[in-house]
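Engineer: For reference, the chains in residue letters:
There are 2 protein chains.
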Amino acid sequence: MANIAKKVSWSSRGDDRGERTPLLNGAEDNKQFSGGSMFHVGRMSTVDLEEEITPEEDIVRSRLKEIPHNEKLLSLKYESLDYDNSENQLFLEEERRMSQMGFRCLEIRRWVICGLIGFLTGLIACFIDIVVEKLAGIKYFAVKQSIEKFTEMGGLSISLLLWAVLNSAFVMVGSICVAFIEPIASGSGIPQIKCYLNGVKVPRVVRLKTLVIKVIGVICSVAGGLAVGKEGPMIHSGAVVAAGVSQGRSTSLKKDFKMFEYFRRDTEKRDFVSAGAAAGVSAAFGAPVGGVLFSLEEGASFWNQMLTWRIFFASMISTFTLNFFLSIYHEKPGELSSPGLINFGRFDSDSVEYNLYELPLFIIMGALGGLLGALFNILNYWLTIFRIRYIHRPCLQVMEAMLVAAVTATVSFAMIYFSNDCQPLPSDSTEEYPLQLFCADGEYNSMATAFFNTPERSVRSLLHNPPGSYNPLTLGVFTLVYFLLAVWTYGLTVSAGVFIPSLLIGAAWGRLCGILLSYIASSKSIWADPGKYAFIGAAAQLGGIVRMTLSLTVILVEATGNVTYGFPIMLVLITAKIVGDYFIEGLYDIHIKLQSVPFLHWDAPPTSHWLTAREVMSSPVTCFNRMEKVGTIVDVLSITSTNHNGFPVVAHTTGDDEPGKLCGLILRSQLIVLLKHKVFLERATSRLQRKLQLKDFRDAYPRFPPIQSIHVSQDERECMMDLTEFMNPTPYTVPQETSLPRVFKLFRALGLRHLVVVDEENMVVGLVTRKDLARYHLGKHGLEELHLSQT
Amino acid sequence: MANIAKKVSWSSRGDDRGERTPLLNGAEDNKQFSGGSMFHVGRMSTVDLEEEITPEEDIVRSRLKEIPHNEKLLSLKYESLDYDNSENQLFLEEERRMSQMGFRCLEIRRWVICGLIGFLTGLIACFIDIVVEKLAGIKYFAVKQSIEKFTEMGGLSISLLLWAVLNSAFVMVGSICVAFIEPIASGSGIPQIKCYLNGVKVPRVVRLKTLVIKVIGVICSVAGGLAVGKEGPMIHSGAVVAAGVSQGRSTSLKKDFKMFEYFRRDTEKRDFVSAGAAAGVSAAFGAPVGGVLFSLEEGASFWNQMLTWRIFFASMISTFTLNFFLSIYHEKPGELSSPGLINFGRFDSDSVEYNLYELPLFIIMGALGGLLGALFNILNYWLTIFRIRYIHRPCLQVMEAMLVAAVTATVSFAMIYFSNDCQPLPSDSTEEYPLQLFCADGEYNSMATAFFNTPERSVRSLLHNPPGSYNPLTLGVFTLVYFLLAVWTYGLTVSAGVFIPSLLIGAAWGRLCGILLSYIASSKSIWADPGKYAFIGAAAQLGGIVRMTLSLTVILVEATGNVTYGFPIMLVLITAKIVGDYFIEGLYDIHIKLQSVPFLHWDAPPTSHWLTAREVMSSPVTCFNRMEKVGTIVDVLSITSTNHNGFPVVAHTTGDDEPGKLCGLILRSQLIVLLKHKVFLERATSRLQRKLQLKDFRDAYPRFPPIQSIHVSQDERECMMDLTEFMNPTPYTVPQETSLPRVFKLFRALGLRHLVVVDEENMVVGLVTRKDLARYHLGKHGLEELHLSQT
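Protein sequences appear in the order of chains H and B. Its first residue numbered 1, the first sequence is counted upward by one per residue in this note's numbering. Its first residue numbered 1, the second sequence is counted upward by one per residue in this note's numbering.
Mixed in with the good hints, there may be bad ones.
[To be verified] Some chain B residues close to chain H (C-beta under 8 angstroms, calculated; not the full set):
no.: 1; residue: E737
no.: 2; residue: T738
no.: 3; residue: S739
Calculated directly from the structure, the hints in this document are not laboratory data. Since the structure is predicted, the reported quantities are computational estimates derived from the model, not experimental observations. Note that beta-carbon positions come from the ideal geometry of N, C-alpha and C, so glycine has one too.
Chain H extracted, bound-state conformation (with noise of 0.2 angstroms):
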């Protein structure tokens, strides 16, 4: 039967809690206020819902999710992924029967692995690329040559509805799919993303349909033509493949290939997807450096180098298979050229070179970057909160969306009509729809550089056009515009990355500041490439919204292939970050807190090490006997009140009501394999029917069935199971007195999900779960609290 250990009395350590700050009791306080069923729940874990749910359920709960959110709360709907492995008798068998060669065919096979991921998503970059290309490219020819008929003949108004529809009907197509089918495709994907990797399971991110979804997504948004890039959602499409991939089977397609059965737990599957993000960041950018970087930046809490050599192979395969494609696609094969989605183009040798007066310039650009980052945030956050609130219904996410294609369309035609930026066209021209519109024969409308193309294109435009290509005035409305429709357009239910809009809007600010200092600075020749200030503002603007700093200066290196920028760009990010991390956090951040997502940080809180794990913890505490009767197992699972997933098993000593001495630790979904192979010791006398096997908790991995789908007679009630063989026999463990940022130490260091408080007698007290260490973050009062909520 069950045993509930005691709760353990608060009041020995007295002294410590004496010394409590008044604000965390204000805290405290105002958590008992909020509820008291709401306090018990959230000491203790809950189940994972993600099994239990039909696609229909799905969409109806991923919008109820949004409405309550803001960011002092932590739900409780998300677990955390067992990157900790259980060593149980069976594990340690099969390994014991693995010989040295088995090991190394092990190892072969991830390398195998890994290179299938690379591939496939270079693969898949390369899709978006050219689809999104033809795609646009029809949609601006029509556009054009309507717009080239209508400027002779007047009513270009029909060339503007032509625009506007053709925008929305391509928005249309990619919001539907995003909204009814598979919300979790929407935005960049790259919070998710962020989450997965930190070690929190996150519902549908990593299943085949939403890469489907996604892919369609991105494509029609980039060319429905609004503010977004298709950078951002490679990463996320990198990620599924490789969660698809290393497990040999789709739970979607019902199709299991029986390879990799080995790479079936959340462990190897988790360092895959990180091998998957890096390649999509690789593909993207062309930066397989940064890819990596990026992953271990975001995900990895523990360095392994076999690991990261594996990363790196898997995004080496994956630029590589990209610049391939493409290079057979634009009929030069082998001339290995584009390595990356976005290619920013090589800069002169001339221009590459900067001055140490230059500098100053750089650091100021960067702090401009970081208040226009903050500020970007600032209104992303307001709208996202009001969407949150207000757009929760997918047909009306689905008629925002539309509604910004229009808008995006309008003002940019709008820009185009009425700037009259007339620019001699160059014999050489690389631009692909230079629009005449108003101008003299042989000129071409600046403004339409910027609008009418892929906002790819535009950046480049902006980077490497001669000077005098653009004049200020264009410049700076363009900036203002394509900021406001940017903020706008991110958030919008349809899949799109910010990356590519936010290096536009810095681009080209960067480039007014370049103009403006040729004016002002006596001698022109020095200041004579605004390309170069165009590049290091689409650094600072990028830095100033998503704040990251390592993988984002080599990302950006890799992708203009030039080393020399490198200090002055990691001088432009620190500075955008510490600016900007002044008023508000990085974009992907606000989202993640948005969505109540229990995230750890890199360290505790500095000023938590008075607090203990006894204070942290959930208590008390369900446990099981190393023999438990199925009855009570299948009564303690069937409590959707207190779901939890992990269950301490322990040895008694004295009496029953006692709390017992640890010796093991068993997982929710390692009990429902148990129940549903009924592993059960008949009227506790003969022996197992059939000996389990590590395969099939493999098999049930990852969408193990609810319990309530598991039928156990009356009879079968009264039998017995004997855990032993089951439970992870030494779970990691802690004593009461640990101090927080010890206990998250540990906690993060080794990915765990259970971490088990003891006393000193190694009795069970408590239970420290993720929630319970994500709820400790630093405010401006210093250590404040979150709230749990159920959703």
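Chain H is fixed; fit chain B onto it per the hints.
Structural biologist: Just chain B now, kept in the frame of chain H:
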């Protein structure tokens, strides 16, 4: 009084023991065969010997230690760093007193220190570079004068003599410094820093004296014309700078600046040292990202974002400082064009591209590099064994170094003399010392560009000189000769790195490959640039010798300033690593093994799941009581045969002879400080005389006095000490059944020094230290155990 826990019976898990492989039993027999006493000592931790030795003894010891080594031994001489923070009451009180502002100040101070580290490392690099340039300039000028004079007169043997004498003189100075003053400064220092970052306390490695000798040594050996580079030692220099700056004092100079006292503990110091190493790489190669990756690849077990950014900051400052001061030195202030000591120069845009069909060629070159690297390592391994056995007296070492210097000069001279590879002198020649010798007027001897030059310049000529500058025979002979010279040179008692010679060898045969290919290929234009092949060859050779992959890729990419080669370099390095690893380990790992350092790799051997903590741990363990008699403590600390470093503190429940319940862990260094300050409960009644603070511990760090220097009177021996306040109350523990990989993961991820093994009653049964884990490695016949040696 001390309580010795009973030896745990091994028979309790007979089932496990029965299934052991016969091979390991063999290994165990071996171990017992090698002497019972050795085995006994091997299972205990020994005293840190660093503290109590004079410089003279130092040298004798460091020579002694090198005699009986082979790679099957594990030395007990090396201690671990305390990367785990001792969270005792003093620490908690200090943290509690600190405001949030205080923590922010600490963080700012960390950034300031990292900036200083970068700045000073850059300065040192700059100093080395300039002095080497000057000295080498003088030398080559003198020799060139002499050669030009005697070419016509006859009697070139006088020039040869001059050259050989100059070389030997330089090398003698460097070698004497290293051999007689600070032997740890010999070599590149990379193996030592790898060990330090791995958590091994290598004696004297981060002292100021080491730095001074290192700088003098490297200047002398490079100016002395040896086949060495000045890049490897920069990493060591950076590490020393970091260790010094972060502590705010120098124990060598007996100067305490009373700054940064908070950082006087191993945890913080190691973090700064990793920043220093990164700054060193960054200054050496102009590769800040590569530096960060190097530090992480070698050192970090736990990736921390803030730490990574600080490391990156130090790297950036370092390369910037070097660049800035060198630009002033070259009289082009503000023109930042030399970011590193080695500068591969810029590749032309045309030669930068590679083609798809070249990739197989690159892979073949990678394999060749792996083979040649393995050959290099095997030859150097034999040579090192020979040196350990026969050349361990300083004067012999100095003589060997001088001999190598003279031979290098002679061989170089002979090569130049007998080669008749005359090339026309280009008008815009970058050669500083073109030797005409027997060539016609307006021509120069091309062999001389390779030999009569600092190795860095030679590398650059090989990469960038136009096709046709070298004839194949010259390159072939040069490769062979330089290969042998480099093998002989690495491991000499001089400060010198192996990066540049490796690159030079590789560039030579790579260029040779390029030339040969251009003969074979029908269309000559494709293979026009042998410089590209020289670069690939350099990468392959370096990868084959040192075997770092990720960081090396980035370093090479950053050093060329060109991202395009990223993919080929990665292919080449991976191939070189796979091929090389088939034969022998990387050069640094060989030297680490030959020093018998207990180096922890990334994971436990894969086949070790059936080994448990019970079998791995050291037992019995010397424990103390919470209240312990001073006499007992002094006695235990004074036992030289079982010099323990960490002592579990236990509380007794029943009898005194029973093993006690774990309630803390105290370190030798803490006890020493307590004894020194005489923190005794006088006759167990009155309170402490003076309240000790963390400051007292920090002041004594890192050279705690030996126990022998502390006088305790007979009266005082009878006093009691209360350890409660000073011990770490929550040491990490594992149960006895924990498998080795699990213990390993915990130990490695948290950077532990002592891991207490407890039974299910929370009684202390054993202690796991670094040696217990480093002992196991995967040999040819499965799991093998290393022997433990006292020296």
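Engineer: Hints first: check each against the structure and report whether it holds.
Structural biologist: Evaluation of the provided hints:
1. At about 6 angstroms, the closest approach between the beta carbon of E737 (chain B) and any beta carbon in chain H falls short of 8 angstroms, and the interface hint on this residue holds.
2. Taken as an interface hint, T738 (chain B) checks out: its beta carbon lies about 4 angstroms from the nearest beta carbon of chain H, inside 8 angstroms.
3. Interface hint status for S739 (chain B): upheld, as the beta-carbon distance to the closest one in chain H is roughly 6 angstroms, under 8 angstroms.
When held up to the earlier numbered hints, the structure conflicts with none and fits them all.
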